[in-house]
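Chain order of the listed sequences is Y and D. Position one of the first sequence corresponds to residue 1 (the working numbering), numbered consecutively onward. Position one of the second sequence corresponds to residue 1 (the working numbering), numbered consecutively onward.
Calculated from the structure, these hints are not laboratory results. Do not take every clue at face value.
Straight-line Cα separation of at most 35 Å, DSBU-like style, residue types lysine-lysine; simulated pairs [stated by the list, open to error]:
1) D/K100 to Y/K31
2) D/K72 to Y/K31
3) Y/K31 to D/K104
4) D/K100 to D/K72
5) D/K104 to D/K129
Per label pair, the in silico range of CB-to-CB distance [stated by the list, open to error]:
6) Y/L109 to D/T228: 46 to 52 Å
7) D/K104 to Y/R90: 15 to 21 Å
8) Y/A78 to D/P107: 20 to 26 Å
9) D/L163 to Y/L27: 38 to 44 Å
10) Y/V100 to D/D134: 39 to 45 Å
11) Y/Y7 to D/G105: 17 to 23 Å
Idealized CB from N, CA, C, for every residue including glycine.
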Amino acid sequence: MNALGVYGAILVAGFAVTYVWRFLAVLAIGKLDAESDLLLWVRSVATALVAALVMRLVTAPAGLLAAASLPGMLGALAVGVVTLLYAGRRVELATAAAIVTYFLADIILR
Amino acid sequence: MDDERAESYDWRGLADGVRGAVCLAGLVMGCSFIGFGAFLKSIGFGLIPGLFTISFIWALPGQVVFADMWRKDAELSVIALAVSVTAVRLLPIAIVVLSKARLKGAPRWPLFVVAHFTAVTIWLLTNQKIETIDPRRRLPWMMGLGVTLMTAMFGFTSAGYYLADSLPSALARTLVFFTPAFFMVTLVSGARWRFDYWSIALGAAIGPLATYLWPRFDLLIAGVVGGTVAFVLVRPKRRGLLP
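This is chain Y alone, in the form it adopts within the complex (with noise of 0.2 Å):
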């Protein structure tokens, strides 16, 4: 599978798959109801897709992440909803709540 080295691979499996998305929609402009069932379908795939790599990105940690608490992390996502919902929707706000909550937890925890 390596055949193609890291950059043919960004190409055939990174950009070619990512761009197609962007190249229809141009074509699509106009012609394309973006709420039909389809595209609503397709979306809630990519939302639960999405999920599931954050709680692989946590649960089944590489690298630096494979030393931290998880306890700490799964508290710091919650933090970092619970925020989001209950403090007007701010991204910003509720990133840096989970961030903070899980360096705490880390300092205290390990």
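Given chain Y, put chain D in place with the hints provided.
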């Protein structure tokens, strides 16, 4: 194009876009790319290939999926499918953004260039500012914004890459943790329908199970199963709720 009185873009909008990149949303994006740099370093993915993913993928979830699966030696077709699934959400975003920037009767090729820059941050900024911009300058404005943000993200990512090594370990871990934290918060903030919340919850619940049972296809399985179940069970009964 065949309109004799065809309008044309006012390319002075490029400079407006460059200036427009300096803002809070740009800073939040910068922080997420510092986290991306630290993430790359922590999983042993090279900085230069990492910067390539910025230029060519230009959507953080796709970049993280690519780097993560590449490191795990996943098959190219599986990586391609997973990255593509994370990128589908760009389709409706790009339709909304580009239809605001488009000038009827102007050449079409610049749209295909600007399309590459459409991503979540540009969508947010477009929603905030595009009405205040002269229609002939909108597309150049987006191009200036995209090129400036992309260039800046090379710097932020490189900084995160080196910081991950030089900071005390608790701070370095916190930097790497920025990526999952930012994704989770962004997902919830982007949720508008009930099925969005269910997709997040189901994807997060099925994810670790799928990682355990089918480590090579975990993200795809969690995405397709969680997303489909959420969509079928909490089917939206609405129309025209897009902002």
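Results of checking the hints against the structure:
Taken as a hint, the D/K100 and Y/K31 pair is honoured in the structure, with Cα atoms around 14 Å apart against an allowance of 35 Å. A distance of roughly 40 Å separates the Cα atoms of D/K72 and Y/K31; the hinted pair therefore is violated under the 35 Å criterion. Proposed proximity of Y/K31 and D/K104 is supported: the alpha carbons are some 15 Å apart, at most 35 Å. Only pairs whose Cα atoms come within 35 Å are accepted, and D/K100 paired with D/K72 is rejected, the gap being roughly 40 Å.
Between D/K104 and D/K129 the CA atoms are separated by roughly 20 Å; this keeps the pair inside 35 Å, and the hint holds. For the pair Y/L109 and D/T228, the beta carbons lie near 37 Å from each other, so the given range of 46 to 52 Å is not met. Checking the proposed 15 to 21 Å range against D/K104 and Y/R90 shows it is violated: the Cβ atoms sit about 36 Å from each other. Restraint check, Y/A78 to D/P107: a C-beta distance of roughly 50 Å breaks the suggested window 20 to 26 Å.
At roughly 41 Å, the beta-carbon separation of D/L163 and Y/L27 lies within the given 38 to 44 Å, and the hint holds. The supplied range of 39 to 45 Å is met by Y/V100 and D/D134, whose beta-carbon atoms lie about 41 Å from each other. The hinted window of 17 to 23 Å between Y/Y7 and D/G105 is violated, with their beta carbons roughly 39 Å apart.
The structure fails hints 2, 4, 6, 7, 8 and 11 (numbered hints given earlier, in ascending order).
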